[in-house]
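Protein chains: 4
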Amino acid sequence: MFNVALFGAGRIGQIHARNAAARSDLKLKYIVDPNREAADPLAHRTGAVAVDSDAALGDASISGVIIASATNVHLDQALRAAAAGKTIFCEKPLDLDLERARNAATQLERAAMLMGFNRRFDPHFQALKTRLDEGAIGRLESLSIVSHDPAPPPIEYVRISGGLFKDMAIHDFDTARWLMGEEPEEVFTSASCLIDPAIADAGDVDTAKTILRTATGRLCVISNSRRSAYGYDQRIEAYGAAGSLRADNVMESTVSTWRERGCASDALQGFFLDRYAQAYRREMAHFAAILRDETSPAVGYKDAVAALALAEAAGLSAKLNKPVSVRSLG
Amino acid sequence: MFNVALFGAGRIGQIHARNAAARSDLKLKYIVDPNREAADPLAHRTGAVAVDSDAALGDASISGVIIASATNVHLDQALRAAAAGKTIFCEKPLDLDLERARNAATQLERAAMLMGFNRRFDPHFQALKTRLDEGAIGRLESLSIVSHDPAPPPIEYVRISGGLFKDMAIHDFDTARWLMGEEPEEVFTSASCLIDPAIADAGDVDTAKTILRTATGRLCVISNSRRSAYGYDQRIEAYGAAGSLRADNVMESTVSTWRERGCASDALQGFFLDRYAQAYRREMAHFAAILRDETSPAVGYKDAVAALALAEAAGLSAKLNKPVSVRSLG
Amino acid sequence: MFNVALFGAGRIGQIHARNAAARSDLKLKYIVDPNREAADPLAHRTGAVAVDSDAALGDASISGVIIASATNVHLDQALRAAAAGKTIFCEKPLDLDLERARNAATQLERAAMLMGFNRRFDPHFQALKTRLDEGAIGRLESLSIVSHDPAPPPIEYVRISGGLFKDMAIHDFDTARWLMGEEPEEVFTSASCLIDPAIADAGDVDTAKTILRTATGRLCVISNSRRSAYGYDQRIEAYGAAGSLRADNVMESTVSTWRERGCASDALQGFFLDRYAQAYRREMAHFAAILRDETSPAVGYKDAVAALALAEAAGLSAKLNKPVSVRSLG
Amino acid sequence: MFNVALFGAGRIGQIHARNAAARSDLKLKYIVDPNREAADPLAHRTGAVAVDSDAALGDASISGVIIASATNVHLDQALRAAAAGKTIFCEKPLDLDLERARNAATQLERAAMLMGFNRRFDPHFQALKTRLDEGAIGRLESLSIVSHDPAPPPIEYVRISGGLFKDMAIHDFDTARWLMGEEPEEVFTSASCLIDPAIADAGDVDTAKTILRTATGRLCVISNSRRSAYGYDQRIEAYGAAGSLRADNVMESTVSTWRERGCASDALQGFFLDRYAQAYRREMAHFAAILRDETSPAVGYKDAVAALALAEAAGLSAKLNKPVSVRSLG
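Residue numbers (the numbering used here), protein chains in the order written: chain E, 1 to 330; chain W, 331 to 660; chain U, 661 to 990; chain Y, 991 to 1320.
It is worth saying that the hints were derived from the structure and are not from the lab.
In this text, a Cβ means the ideal position worked out from N, Cα and C, and glycines have one as well.
Don't take each hint at face value.
[Claimed, not checked] Restricting the straight-line Cα-Cα distance to at most 20 Å, the calculated cross-link-like pairs of lysine to aspartate or glutamate (EDC-like) are:
id: 1; chain 1: E; residue 1: Lys-319; chain 2: Y; residue 2: Glu-1176
id: 2; chain 1: E; residue 1: Lys-322; chain 2: Y; residue 2: Glu-1175
id: 3; chain 1: U; residue 1: Lys-962; chain 2: U; residue 2: Glu-843
id: 4; chain 1: W; residue 1: Lys-649; chain 2: W; residue 2: Asp-497
id: 5; chain 1: U; residue 1: Lys-982; chain 2: W; residue 2: Glu-516
id: 6; chain 1: U; residue 1: Lys-979; chain 2: W; residue 2: Glu-516
id: 7; chain 1: E; residue 1: Lys-322; chain 2: Y; residue 2: Glu-1176
id: 8; chain 1: U; residue 1: Lys-979; chain 2: U; residue 2: Asp-827
id: 9; chain 1: E; residue 1: Lys-319; chain 2: E; residue 2: Asp-201
id: 10; chain 1: W; residue 1: Lys-652; chain 2: U; residue 2: Glu-846
id: 11; chain 1: U; residue 1: Lys-687; chain 2: E; residue 2: Asp-25
id: 12; chain 1: Y; residue 1: Lys-1017; chain 2: W; residue 2: Asp-355
id: 13; chain 1: U; residue 1: Lys-979; chain 2: U; residue 2: Glu-846
id: 14; chain 1: Y; residue 1: Lys-1309; chain 2: E; residue 2: Glu-186
id: 15; chain 1: Y; residue 1: Lys-1312; chain 2: Y; residue 2: Glu-1175
id: 16; chain 1: Y; residue 1: Lys-1312; chain 2: E; residue 2: Glu-185
id: 17; chain 1: W; residue 1: Lys-357; chain 2: Y; residue 2: Asp-1015
id: 18; chain 1: E; residue 1: Lys-319; chain 2: Y; residue 2: Glu-1175
id: 19; chain 1: Y; residue 1: Lys-1312; chain 2: E; residue 2: Glu-186
id: 20; chain 1: U; residue 1: Lys-962; chain 2: U; residue 2: Asp-757
id: 21; chain 1: E; residue 1: Lys-27; chain 2: U; residue 2: Asp-685
id: 22; chain 1: W; residue 1: Lys-649; chain 2: U; residue 2: Glu-845
id: 23; chain 1: Y; residue 1: Lys-1309; chain 2: E; residue 2: Glu-185
id: 24; chain 1: U; residue 1: Lys-982; chain 2: W; residue 2: Glu-515
[What the hints assert, rightly or not] If you anchor each label on the Cβ, the simulated ranges turn out as follows:
id: 25; chain 1: W; residue 1: Ala-400; chain 2: U; residue 2: Gly-798; range: 29 to 37 Å
id: 26; chain 1: U; residue 1: Asn-981; chain 2: Y; residue 2: Gly-1260; range: 47 to 55 Å
id: 27; chain 1: E; residue 1: Asp-201; chain 2: U; residue 2: Thr-790; range: 36 to 44 Å
id: 28; chain 1: Y; residue 1: Gly-1128; chain 2: U; residue 2: Glu-920; range: 36 to 44 Å
id: 29; chain 1: U; residue 1: Arg-671; chain 2: E; residue 2: Asp-59; range: 39 to 47 Å
id: 30; chain 1: W; residue 1: Pro-364; chain 2: Y; residue 2: Gln-1097; range: 53 to 61 Å
id: 31; chain 1: E; residue 1: Pro-123; chain 2: U; residue 2: Arg-678; range: 17 to 25 Å
id: 32; chain 1: U; residue 1: Glu-842; chain 2: E; residue 2: Ile-155; range: 51 to 59 Å
id: 33; chain 1: E; residue 1: Arg-281; chain 2: U; residue 2: Ser-721; range: 30 to 38 Å
id: 34; chain 1: U; residue 1: Thr-790; chain 2: W; residue 2: Pro-364; range: 53 to 61 Å
id: 35; chain 1: E; residue 1: Glu-260; chain 2: W; residue 2: Arg-432; range: 37 to 45 Å
id: 36; chain 1: U; residue 1: Thr-790; chain 2: E; residue 2: Ser-24; range: 31 to 39 Å
Construct the complete structure from the given sequences, taking the supplied hints into account.
What follows is the structure in structure tokens.
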């Protein structure tokens, strides 16, 4: 049984709190959130105690720290947790500033740190990855990732979130790295604001198509949109020398309705809290296995920096309207 | 180039006329239909001449006769065509009276006669049959046939058509025989009138579930309905020792529309004239090959009688509410 | 928090134990199984204590009893639990003897008793039921249930289980009753032994097709097989005046592999422990809600008897080769 | 009845010859091909006469000319046919040289000229276009086109064909223009040679991802590959404000095979001659309607030039590794 502390009692923090509390090998001891109106009820519901960060990090019985706070404090909290010798489970992105993130290398490369890139723990995407690694389609040549959110976040969130690339597409950059088997070296992004002019006013885009290119010429296309009227669209296609693999969307049920105009499926599984519910549970299981010293983090600090670099490059490419070399950054 | 005569200028006759006229190896010479208002324009459209049956059968240059007239004259016309030494392509059913059909054995068993069981020529069902014969699912154990019409025919047609079993389900009885690889020996049918009470008044049923059983205990379930709000439902599932085969419905296109409530396919292909358009063309190609002496009829007189016997047994079973042995008939 | 006792530490007992233990509103206090080699480790794993049935039923703090023991003791244990005033969650079937089951009416009709017909709690089948009730396809006319197990059970189990109808198809009889909205009055079954002659030697069949018929002529076809080479085949189709509903099989993942010969899906979800894992959790949630007095059992003693009567009728029909009226039984 | 002459007796010429010959409103009078070993048998099979181009163009009874010859003579033949006052059906691409193609404007803009962009006549893509125009998904925001050939052409063909962009992807550029409802103004392409180094030696690429961008920021991604182990992959996805439309691949049949490892579909419809067989027939029907003066060409000279410009821009973009403005060309 490992004691863990959770930083951040917001939406994603609540998911991790519930998943940690449900495990018999973890004891969720502390909830840390300056907003006590969020921290207290969550602590109450999960049998934890709401404390401040010093108390949590200063308690030697705490083995693991789950960082699910606002993006702008991820890196600081990770550094403090690392300094306190805790095992870290940090939500994405690590930071919005590539240089800051890179500068933490000395401290965080040595830390046991799991990055919360949930796609890597999704059973459907894992099944695709397994077949890819088994050689089901031979040598991989290219990849297509569709990642469309159901609806744009509130404009206040858009402003502070890091924008489409660092907040949302960063998942897809990580997925691309995970599946490509090679680092993307160059990024070209064409982006628009087609959904809501307020997003443009906030300095962001809502629709983007990105091409990643590796040293050997493998290509990956990512399609991002902040709005998908039919629900959360999360698909992957991989093309190889011997065939293709596809991970399709997950529907609410297998029920179809047949009426005059053909067949209607059930709806897509809602937003990320539903679609990746299993992934979040598996992430927490993986974190527990790291605490038990049975495995090392499947995705960690270096991956966080690499995905952030791709996001930075994509934003820059969209702005400059030319391909951006990842190496040239910073 | 073989000269052929078509008997019957109705809906199905027009299909066969068009398909015969489109072939370079057939010359549609005559249209025979007492209703000249149907015969004349069809003859005009296809470059044929409208004549009476004596003229058609008496013309020694006519090699083949296509019988697409009303059901009640199929058998007589087939007998006359056989007597005149013509090769015959006869629409189903051969007759509504099992005994009469059986009594024609002496004359028709020797004739070259193709029965118009269109399912045998459908590319989808043929693909299923091919895989079955190739052993894709090992030894066949049971079969499920769904055969639902979009909407009931006019009540006048219901009255004279021979009813659901001899008019409509007879296709499925033939399909079952074709795929089972063994003769069904016993038939149990439970039937209802759920769609339109006028159908019951006309002495027919509109919904039926039938179980066929062969000597070795193989089973086939047939689901029939005169009304299917989502279109013409024509499916087959075969269960074997090593797996299962399914032939699914054909949609108008591969287009799907994704909106709030999931995915909507295109509509099903309309009614039999659309769904089996390819089958009708292949039937005619097969008839041409018979005329060229390259093959013998894939489905002929004996099959016509056997399917009729199953239809008779099904009707009797539904009436008596007990299983009926096919051998016990007549 | 309600204290519950579990009877039966076998395969299904372990599922219910885990699900009960995972709930914060239930306390799994006792495991009751004469086989201490099963009871003790399960008790250990779930924080329960292994005791005998007298201890469990005699403990006034126990509110609920979960009966997951061998079929032949279900009824006795249910009667004893009812006599002790406990709320009951009893696995199917209630008993193999219809008369014995019916005779328990006085005691069990008054008891709060949930029958473990898992299909009723499956999210896919529930989604179909919801749409049916909402009128998505108008008035229901007929139903088709496919229920094929991956592989036959050990022959020793076949001998004592009650056979295909009372052990396996009883789920489908319950599903038919649940969805039909009317009681089936007549049953016709044609059954064979096509998979393994040892099953016939044990007095059972392995392949069966059943037609249920209600008073108003609604029809339901059930297809049962003890062996399905492609996995656990669990599907429902409902046909109504305005369309059709289908609940399809659940695959392991949404991944498809495209190679030379088209598209290959992932495998079907294994056997019932996987396929109905969610249903078992929801069943337990429903049991907890009954204990909290928030709801009454969605499926209870009367349903247990009615499904058993249909199973009895199906077996008799297959034996006598004629339709059997449910009312005529016993 | 309109007399037509066919230029080019190769693979695609044979398709058009057969489709023209099968129509009752067209008379295929001449086959023109310097290679008499190709021209003579095709003329024989279709009841045409093999003549030289002067004879064909000089015959005043010839209304229409079908140009299905080698790409390098398309433009010259079109110019000569236009000068002779014929109605033209010209295979794509009009020419490999953008400037030459543009220079023909004076002569060809006034001619009645149908360009053979077969995708526009495919029933599946047309169904998607119809729904798009009907507003099924609201305002279009972006598009994704997958266009992968089964296997690379012979290297000799690669050398003279104009390369992946002008020979193969030109179809997709036309499709993008057809569906986007706005002209793409900028093209970025990242291309590789991943399949066969001989293709690189011939100065071409075999794998490419292209982003097209219109003035209002609509985006289109095109995925091209010269090799797709699972067959000819031809799909379109359209994303709009209110949903998404997809046109999926066409399978040989609706048959699926269920075995241990899930469900296997039938194979994809082979290569373009099969996949677009219906489209070629509809193209010819459209050409006949143009000859009958019932309609004007759905796709003509200006479209040929515009698609060629996009192909030119894509090739240039891939070479320069930067986005290319279509206006900047030539």
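Consistency of beta-carbon spacing, Gly-1260/Y to Asn-981/U, with hint 47 to 55 Å: holds (50 Å)
Restraint check for Lys-1309/Y with Glu-186/E, where alpha carbons must lie at most 20 Å apart: holds (15 Å)
Pair hint outcome, Lys-319/E versus Glu-1176/Y [Cα-Cα no greater than 20 Å]: holds (15 Å)
CB-CB spacing for Arg-678/U and Pro-123/E relative to the 17 to 25 Å hint: Cβ of Pro-123/E to Cβ of Arg-678/U: about 20 Å, so the range 17 to 25 Å holds.
Supplied distance hint 29 to 37 Å, evaluated on CB atoms of Ala-400/W and Gly-798/U: With Cβ atoms ~34 Å apart, the hint holds.
Restraint status (C-alpha distance of Lys-1309/Y to Glu-185/E at most 20 Å): holds (17 Å)
Given pair status - Glu-185/E, Lys-1312/Y, alpha carbons within 20 Å: holds (15 Å)
Straight-line alpha-carbon gap Lys-979/U to Asp-827/U, limit 20 Å: Given that 20 Å is the threshold and the Cα spacing comes to 17 Å, the pair holds.
Ile-155/E and Glu-842/U - C-beta distance against the hinted 51 to 59 Å: holds (54 Å)
Hint check for Arg-432/W and Glu-260/E - Cβ pair distance inside 37 to 45 Å: For Arg-432/W against Glu-260/E, whose Cβ atoms are near 43 Å apart, the range 37 to 45 Å holds.
Proposed proximity, Asp-497/W with Lys-649/W (alpha carbon, max 20 Å): Roughly 17 Å separates the two Cα atoms, so the pair holds.
Restraint check for Lys-319/E with Glu-1175/Y, where alpha carbons must lie at most 20 Å apart: Distance ~17 Å between Lys-319/E and Glu-1175/Y Cα, so the pair holds.
The structure meets every hint from the earlier list without exception.
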